[in-house]
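**Student:** Chain by chain, the residues run as shown.
Number of protein chains: 2
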Amino acid sequence: MRVEIISIGDELLIGQTINTNASWIGQECSLLGIRIVQVTTISDEKELIKDAVDMAFTRSDLVLVTGGLGPTKDDITKHTLCEYFNTELEIHIPTLERIEAFFISRNRPMLDVNIRQAELPKSCTILDNRNGTAAGMWFDYEGKILISLPGVPYEMKGIMIEEVFPRLKAKFKLKALYHKTILTQGIGESFLAEQISDWENDVREQGLGLAYLPSPGMVKLRLTSYEGESRSEEIDRYFDQLIKRFPHYIFGTGDETLQGVVGQVLRDKHLTIGTVESCTGGALAHQIVSVSGASNYFQGSLITYSNELKGKLANVDEKIIDGFGAVSSEVVEQMARNGRDLLGVDVCLATSGVAGPEGGTNEKPVGLVWIGISTSDRTISKCFRFGDNRERNIQMTVLTALNLVRCEILGILFEKK
Amino acid sequence: MRVEIISIGDELLIGQTINTNASWIGQECSLLGIRIVQVTTISDEKELIKDAVDMAFTRSDLVLVTGGLGPTKDDITKHTLCEYFNTELEIHIPTLERIEAFFISRNRPMLDVNIRQAELPKSCTILDNRNGTAAGMWFDYEGKILISLPGVPYEMKGIMIEEVFPRLKAKFKLKALYHKTILTQGIGESFLAEQISDWENDVREQGLGLAYLPSPGMVKLRLTSYEGESRSEEIDRYFDQLIKRFPHYIFGTGDETLQGVVGQVLRDKHLTIGTVESCTGGALAHQIVSVSGASNYFQGSLITYSNELKGKLANVDEKIIDGFGAVSSEVVEQMARNGRDLLGVDVCLATSGVAGPEGGTNEKPVGLVWIGISTSDRTISKCFRFGDNRERNIQMTVLTALNLVRCEILGILFEKK
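Taken in sequence, the protein lines are chains C and Z. With the working numbering applied, the first sequence corresponds to residues 1 to 417, in that order. With the working numbering applied, the second sequence corresponds to residues 1 to 417, in that order.
No lab work stands behind these hints: they were computed from the structure. Keep in mind that the hints are not guaranteed to be accurate.
Heads up, the list lumps identical chains together, so a pair's fine if it works in one copy or across two of them.
As the list claims (entries may be wrong) - Cross-link-like lysine-lysine pairs, in silico, DSBU-like; alpha carbons within 30 Å at most:
| id | residue 1 | residue 2 |
| --- | --- | --- |
| 1 | K144 | K50 |
| 2 | K46 | K173 |
| 3 | K46 | K144 |
| 4 | K220 | K157 |
Given only the sequences and the hints, what does the whole structure look like? Please build it.
**Tutor:** Below you can see the structure in the form of structure tokens.
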């Protein structure tokens with residue numbers, strides 16, 4: 001099946017918005033064995049949209065259109081598709097009810113423009129949008145399919161996952177690829193590739209596909225079987241080999257998150273956690289709390305950004321700060337140890353570092369971070385050297401701290417690379 | 001002048017790489033008054049490339065091609081363009097010398113494949129690439145122009161800035177567009193459109209372009225003058241009208257962020273800030289701290305996620321929690337008021353809500369959030385009803401709290417919609 005994407009929106013052409021929708025769709029489709037042959041980005045103009053659809057239908061069986069479904073005047077996709085498919089708008093009652101419910105649940109009045117979003121082409125199948133007011137539309141037309149989706153990423157993704165992919169799987173015999181992914185933290189892509197090169201040669205010789213998917217602080221490793229699920233056990237065995245060798249780097253599989261894994265470890269061991277944060281400024285706590293049900297183990301945190309509050313809230317010894325500096329092993333260990341008592345938790349993480357871009361010195365440059373952890377067994381600290389970018393340094397610190405607590409609780413020797 | 005982009009590369013279609021080149025070119029071109037009418041992303045295949053160029057020449061005067069100029073076998077753009085323009089490759093001596101110098105300066109051996117990168121089409125103008133080995137190519141063809149550039153972003157940008165834009169400025173009388181953007185928080189796109197419909201009619205009648213650019217919790221409004229900067233004052237006047245009417249929604253312009261604006265307001269007024277957070281779990285503090293130099297005003301926070309810590313750390317009266325519940329006006333006001341003292345700050349924000357997806361009741365459903373703020377003047381609280389999604393509820397709470405503190409400090413009546 002040949003599929004292409006038409007992305008509609010001036011904001012994409014003038015570069016105010018990056019077309020992440022197309023890349024997300026490309027990723028998800030390639031996991032399903034669907035090949036995207038072209039992405040066309042055009043302006044919100046009726047004739048351009050029609051021409052692009054015409055051209056797309058000459059090349060492809062399925063055309064995914066994103067954007068131009070909002071309630072404002074510059075959103076014309078719906079009207080254009082009505083003309084193109086020679087149909088007309090009518091109120092779609094279930095959509096109207098859904099929009100009404102959407103506004104009632106948010107306790108906000110519904111406007112005329114919102115009601116008009118329930119006016120949808122007669123000839124299409126409506127695809128529910130649970131995250132917004134612009135419904136998706138599925139047109140069958142002379143053996144081809146056109147699917148129109150809102151441009152807001154989480155609305156588009158919701159409709160793709162809940163409505164489009166299940167229908168495509170049911171309608172077409174998709175050549176089933178089988179993928180499995182393991183997730184690593186604490187080692188860069190090139191180091192990882194070097195350390196697992198023998199394993200990589202093995203899996204490639206066996207005809208499995210291997211992809212490194214790096215993101216800041218993490219590398220995903222994806223194995224693909226082109227013969228579908230029949231090789232799933234083999235893939236599991238290959239991954240088990242890696243997990244045995246690198247338990248400190250490999251924290252999970254598939255869609256797991258590091259904070260989710262840490263949460264499960266804490267639940268399993270009946271432990272509570274808290275944080276005492278300086279450079280991460282609450283980002284670590286926020287990441288822990290982003291997991292639904294975090295209240296089962298997360299109690300709270302002290303964000304001691306100023307040195308004064310390190311003393312006042314976390315009882316860090318002023319002399320220690322003066323002697324070793326706020327970014328030091330001694331200070332993060334006091335923060336972690338005192339945090340356990342003050343927050344009444346079993347495990348406490350502490351962070352202190354130079355997030356940058358200002359505040360670096362020769363001795364303590366931007367990117368230098370200390371992370372401390374205190375449990376009933378012991379209190380330790382580790383030093384890291386991240387980069388120049390403030391947000392990335394904070395993010396790297398958060399991920400590293402989460403992996404550190406995972407290793408510490410599970411008795412895995414933590415290594416850094 | 002009508003311009004379009006052809007981006008070549010499988011990695012773009014399967015979503016492994018996001019097409020940031022197209023958005024960068026779009027941004028830079030729109031600043032020069034060059035309109036990008038289409039972006040087409042295709043695979044590294046000869047026939048597809050030729051077809052895409054054919055189509056692009058029917059619509060546009062200038063075609064920018066990125067990608068497919070690397071030294072490996074799957075990079076075929078150069079050969080394809082040779083066929084398309086009916087020319088042949090020859091060694092381009094200045095490029096060969098540049099490549100040699102490039103390898104010498106990096107102390108790396110030059111390979112055959114690198115030498116072949118100096119083989120370039122006879123009929124084109126060569127555009128120097130100072131950041132890599134793949135030269136750019138400028139083809140004049142039947143009154144149209146095709147420019148081929150490497151896909152590596154910093155190489156492409158270098159050639160665009162140093163070679164392409166100066167030539168385009170010299171060759172064409174470029175009509176400069178002028179854009180200005182204002183940023184709103186606390187009102188949805190459709191409400192905003194309704195409230196400013198008279199103003200919108202005005203600006204459109206005057207021939208200005210208006211775009212709504214929504215993102216979670218925020219809507220950007222962009223005005224465009226097609227006659228360049230000459231209408232900048234007029235645009236400022238139009239925006240001033242809006243700012244006067246909606247000072248509570250409009251927090252900034254252009255590339256500003258809400259946390260950056262709040263930081264500047266705090267600096268201007270010589271105020272310090274802290275937070276006492278329940279449902280946001282540190283996300284509010286993290287957002288404040290994401291601004292470089294936040295240590296000038298941010299002191300720290302108490303993350304009192306458990307009810308026990310609301311009492312123990314923030315001195316919230318146990319009876320108040322039992323009587324009104326943790327998600328209540330009374331509790332967030334105590335949290336904010338006590339936080340001011342405990343953190344020693346001028347302004348304290350407090351949050352308590354049902355982030356979801358669990359924990360909702362009929363009386364206090366998922367998405368219900370109380371935000372409190374305490375200053376030397378007063379302590380108040382506001383109730384909000386966000387949606388079903390945990391991460392979004394946290395994000396909406398953070399943005400709303402930041403806008404609330406901006407309004408409170410600036411003496412703007414906060415309204416919610």
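**Student:** If a hint holds in the structure, say so; if it does not, say that too.
**Tutor:** Outcome of the hint check:
no.: 1; hint: K144 / K50; verdict: both (15 Å within a copy, 25 Å between copies)
no.: 2; hint: K46 / K173; verdict: between (34 Å within a copy, 28 Å between copies)
no.: 3; hint: K46 / K144; verdict: both (21 Å within a copy, 26 Å between copies)
no.: 4; hint: K220 / K157; verdict: both (21 Å within a copy, 22 Å between copies)
No hint from the list above goes unmet by this structure.
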